[in-house]
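As given, the protein sequences belong to chains U and V, one line each in that order. Under the UniProt record's numbering, the first sequence has 377 at position 377, and the numbering climbs by one with no breaks. Under the UniProt record's numbering, the second sequence has 4 at position 4, and the numbering climbs by one with no breaks.
Check each hint, because a few of them may be wrong.
[Said to hold, decoys possible] Here are some chain V residues pointing at chain U (derived, C-beta under 8 Å): (1) Ala477; (2) Pro479; (3) Leu492; (4) Pro496; (5) Leu514.
No wet-lab data here; the hints were simulated from the structure. Glycine is no exception: its CB is placed at the ideal position from the N, C-alpha and C atoms.
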Amino acid sequence: MVVIGKKKYESGEGAQFMSRKAALKKLQLTLKDFRRLCILKGIYPREPRNRKRAQKGQPGIKTLYHKKDIQFLMHEPIIWKLRELKVFTRKVERAKALREFSDMKRYLSNHPTLKLDHIVKERYPTFIDALRDLDDCLTLCFLFSTFPSLNHVPRDQSLLCRRLTVEFLHAVIAAKALRKVFVSIKGYYYQAEIKGQTINWIVPHHFGFEPQAKNDVDFKMMSIFVEFYIMMLGFVNFRLYHTLNLYYPPKLTTHDNSEKILVDEEAYVSERIAALNVPLINLDSTLQNTEDEELEMDQFTNESEATKLEEAKIEADKIKKLKILFKDLKVFLNREVPREPLVFILRCFGAEVSWDKLLFVGASFDENDETITHHIVDRPNMTKQYISRYYVQPQWVFDSVNARELLPVEKYLMGCVLPPHLSPFSDNQHDQTYIPPEERALMDPDFRLNDEEDESEEETENENEKEENETGEEDLEKDLKEEIETNKSDEVNEKEQERDRLRKKMKVKTGEVTKEDPWEKKRLEKQEYRLRERMIKKKHRKLYRSMMEGRKERAKQIWLLCKKRRLHDTAEKQKRKEERKQKKIKLAE
Amino acid sequence: MKNQRKIVKRKLNNTLTENNVKKEEPDSTKSIFEEESDSGAEDLLSTEVNNNDESSDEEVNENEDVPVSDTEQDQIVFESDDEESDLSFETDSDDLGLDYSESDEESISLNESSDESKDENLEKKSKNFNIPTTSKDNVSEKLKRNESSKTNINIKNTSDTLQTKKQSKKQKKTNKINKSDELNIGEVQKDKVQNKKNLKSDIEKSKRKDTKNNTESNINNENNDKTIADQEVDEYEYDSSDEEDIRNTVGNIPMKWYDEYDHIGYNWDGKKIIKPQKGDQLDNFLKRMEDPDFWRTIKDPQTGQDVVLSEADIDLITRIQKRKIPDITFDEYGPWIEWFTSEVMKTPLRKFPEHKRSFLPSKPEARKVSKLVHALKMGWIKSTAELKKEREQKTNEPQFYMLWQSDDQAEEMRRIHKHIPAPKRHLPGHAESYNPPPEYLFDNKELKEWNKLQTTPWKRKLHFIPQKYNSLREVPAYPKYVKERFQRCLDLYLCPRALKMRLTIEPEALVPQLPSPKDLQPFPTTMSMVFKGHADMVRSITAEPMGQYIASGGDDMNLKIWEIATGRCIKTIPCGGIIRSVAWCPNQSLSLIAVAAEKKVLLINPDVGDHLITNKTNQLLEIIPQSDVIVSERVKTAVQWEQAEGDYWTNGIRIILNHFKIVKQVTWHGKGDYFATVMPDGQNRSVLINQLSKRRSQLPFTRSKGLIQCVLFHPIRPYLFVATQRNVRIYDLIKQEMIKKLLSNSQWISSMAIHPGGDNILVGTYDRKMLWFDLDLSTKPYQTLRLHGTGVRGVAFHKRYPLFASGADDRGLIVSHGMVYNDLLQNALIVPLKRLCNHESYNDFGILDVMFHPIQPWVFSAGADSTIRMYT
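Next up, chain U with everything else stripped away, as it sits in the complex (with noise of 0.2 Å):
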């Protein structure tokens, strides 16, 4: 008797996941036309919960693919295109090698090419979706487009890139999409609100491409990748113009594929840039814009959504004036200014802008125009000046976005030494986050940065500078661990101690009621706390010690930080105040 019995990986994670061997040899594909598949339909390998049935009882560790994605790939009809291929580069291979170029060039005229429509819809079943999955492909788009010609990249993708990315740029202008910026040692960082979706962005710095060594970077496979986004982007690019009610594909009045553009980088960079300055036509100029009419939100009785949608309210209102926080501005962009992104930031924001017009081609003004208000510089200084209008350094334009609204220019001038640049990204929801001073006065008004108030009081005087340090400290350490604050309080006390002690000396002593020692307090809650820590579940116990040493190393972070800072800053105060030094003993002199 033959017992029938259920086979081991017959059913369950074993047979859910398939090796990529089996894969391969199931869809009779190559590794690389496999690869290829895989990143054009989005196929990615899956981590199983149990590696080992999933791997059916194989050691080591193996690249997994869900059955079901293997069989989705089965029935894509890219497969056929793909296979076409490979018989029509063994065809025209063999015609060049029988030196039958006419066969060749009969097999080049017919080249089988992908059509990759129907996976953008397939990968991206609506609109927002594809919104969402945005980044990565705006991220490569401006990679490819700053691209020179290279062995594996066509050259025709490059500049698809390079024109689908000014589409969305300008499509971002006309949406006033852009929120955030910031300027990396990496590239420009953008974050734009398309549909209530973020989008963020990386446009690399000046002549970012270098070249890669061969097994660093796979240019081929990067390629594929931009082959796929490319059409996204196009699709994307669409229905945003269409939303927008703008011509698809725009009229930008110096876009053509002209031989000049072709063989000159600087000339298209300087058309492409200058394009961004003009505003793109509308579909139906009597339309009005629907992103301009004010959202009326409803108002729900509801007591916790009340404060909810006063915040909303807020944001909304913050976001509005955020969108025309350029406006009624001139500014002229200095010829050493990076102007692809600035002149995109301030037309997001509705400024005019305008550079030399003898250098590059799209100037809308001249420097001699007395209406402009600011001009953009990035040197020390200049020799001819008007007096009409400030002379402020780029960071100024993404720092005011970033705060969004029109910060004081003093600190921005030609000149001045900048200060620091920050990311409008970090977020300090999270209680353990080290957040810079500048970054505090920005967000309460009333914090004063230390360099403020030293200024202030190395003024009226400097004896008492010791104590005024030390609240200064008090003050940047306010969220600091609690052990340090408890110390630091600790001192505070006996500091009060002493104090009491001499009034004491001088005065009648009052009847007092004891009060409990809030510190005593909170020590004995402490302990009570440690004997409850020791009462967690033996499943909780190492999780629970990991997050504690995870949080102890965040402290410690923040410590750090706050420890450069301050010796920083005393080091700067130093500098200062011999500098002051100096200067009183030369006007004495």
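With chain U held as given, fit chain V onto it using these hints.
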């Protein structure tokens, strides 16, 4: 080849005949150069066959001019042919044997026909030609074997007896013919020599004349003969090397090979041809000056002789230079001889008319055209215009259209199964800014650390070094930008994805929510008293059941009785050994303390408290109860009861139990009559149960179950708890069987305490744990408490309050709330309340024993620092 030859030969009838004649000549004469001439003749023949037609035509003409000789020649040819064929037959006859007669007949017939042909005219020439040519084929083949055949013939003539007369006749005939041939040839030769003289032959002759001076006369003669032959032949062979006048036999070699020698080659006789005297420059010059013919003298490279060109030669040369036809006699403008007529013949050569298909359009062509048309229609092939258009379209970018009709309504289609979207990249913090706040910049230490982790970059806190630039224009491109993007791409398609639940809880949430200790009061919170007086570690303490006194003992071998209210040491009783355990008798009508001092267990009346009770106790213990029960040897060797006397009695010691091993623990039964002693080293006699009233001992276990740590009586039921190293066994003393075995899951049990209710046991272990066993629940601990950092040495329950305490080597005394409910459904509530840490550590020991006050919520701890502390 043969056929070709045939065709050629047919055309060149006459010439061939002549040729034959020439051939015959040496044959018949059989002069000195028999072989050479033969072979030469054959060569000539072959060249003839291969060579030009025109000359043959001329020849024909010439032949026509001289009809008489021609006929004669013809005849001769036939004759000779015949003969030769005969010869061949003869040669063949060796092989064929009898067949030759027939061939003979044939030959005869041939002869006859040839005879007939003699009479016929030139018109029938063609017919005649056919016959000899056929025979000629044979001839040409057999000529090569001429010599051998002839010799054979000679031999045969002598040897063969079978030879017929006919044959002999024929031979004779042929001989005759040969002779006649000779004559004829002679005539012809003479004619030819006289008539035909070519330019070339002229030149050669002249050359020869010049060279004759040096060569011998014999050679000359021979040469003459030869030249004659040559002259005859030269018309037909211009290019053959044989035709050249060769004096030097070295062949066609570079003559410079002979530069070193004084000869220049060899003549036909094999003698050296000596180089002529070579004059020096002066001679040369003189010659040029003097010799009028110098300009026309050239040097023959083969002989090294100077040759003076004749007038004719120079003419020839000049003609060639002027690109005229070298032959003066050739008439360029002679009348056109129409070899083929240009007139259209009235009747066509082909009789049949043109085929119909030559007038109809070709069907295969039509098929091809229709195929092309079809292909064009179907779009398989395209016209150039179309192709161009297509190319333009192809270069265009992809077409975009409205892919999503609405913002958030998805179209039904097959999609990725349970899609897990890729996590977004982290957004940059302040550190990544081009102008970060100064505290984010690395100092030297951090930079060093960052560099140190070069091989393990994932361990770095930041994946980049923060940089500060004073202005935007100074910011360079980020060198790893492309690589980072690439890595993101890799992550997107190679990184396994899974949905992970992220914990958003704070760690505090993991801490169990317990009732606040404040609500669980009373419990001891502060140290209110320290009992000092012991000189060494206090190992054990015990309280009087009324709660007025406590007794303690330790390494200083003294039992001390303390009054709780005042903290005074009332009595000190020396026990004569390290006291490991003390236990106050729970029977309130007795005033007794059991003290385990080394191997002895002392029952001491402390003589404190109520006098009535102490006196009564003394009286009671003075009486030694008599019993007939024979104590077994096993028990007797283990323990002996002894009444204390003398000093002992005055000290308060009433009874001494002498054990055979060190007693580690002594514990009373709740009633106060029985007490158990534990000797861990006693193996199967390590537990003793003693009855005070009968002064009797029992050994409850016959077999050892391990190293017994401690024992405990159940407060209500007749159960005994025995703790070995790892497990706790519960025995029913009446039924004498094991009820339960509690699995501690720890390495080493140190102490044990039982809840006054009797259903819960607290077990302290040296591996830092306290185990709360609920006997109703299971044999496994209901809760494991890890309150201490080191091994737990003592645990205790309070008799009235829901409290328990534990002391450990970490000097900490932890008081906990342990509420046991009567309701069976509700489990015990355990809340640690307070950690009291006042003892000092001594030799890594902290607290050695813990005890509650029997009535008040006070706790006592005996420490290794020789103090006892009370907490209230």
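Now for the hints, and whether the structure bears them out:
Nearest Cβ of chain U to the Cβ of alanine 477 of chain V: about 5 Å, under the 8 Å cut. The hint holds. With its C-beta approaching chain U no nearer than about 6 Å, proline 479 of chain V sits inside the 8 Å limit, and its interface hint holds. For leucine 492 of chain V, the interface hint holds, since its Cβ comes within 8 Å of a Cβ in chain U; the closest pair sits about 7 Å apart. The beta carbon of proline 496 of chain V is positioned within 8 Å of a beta carbon in chain U (closest approach about 4 Å), and the interface hint is therefore held.
The closest approach between the C-beta of leucine 514 of chain V and any C-beta of chain U is roughly 6 Å, which is under the 8 Å cut-off, so the hint is satisfied.
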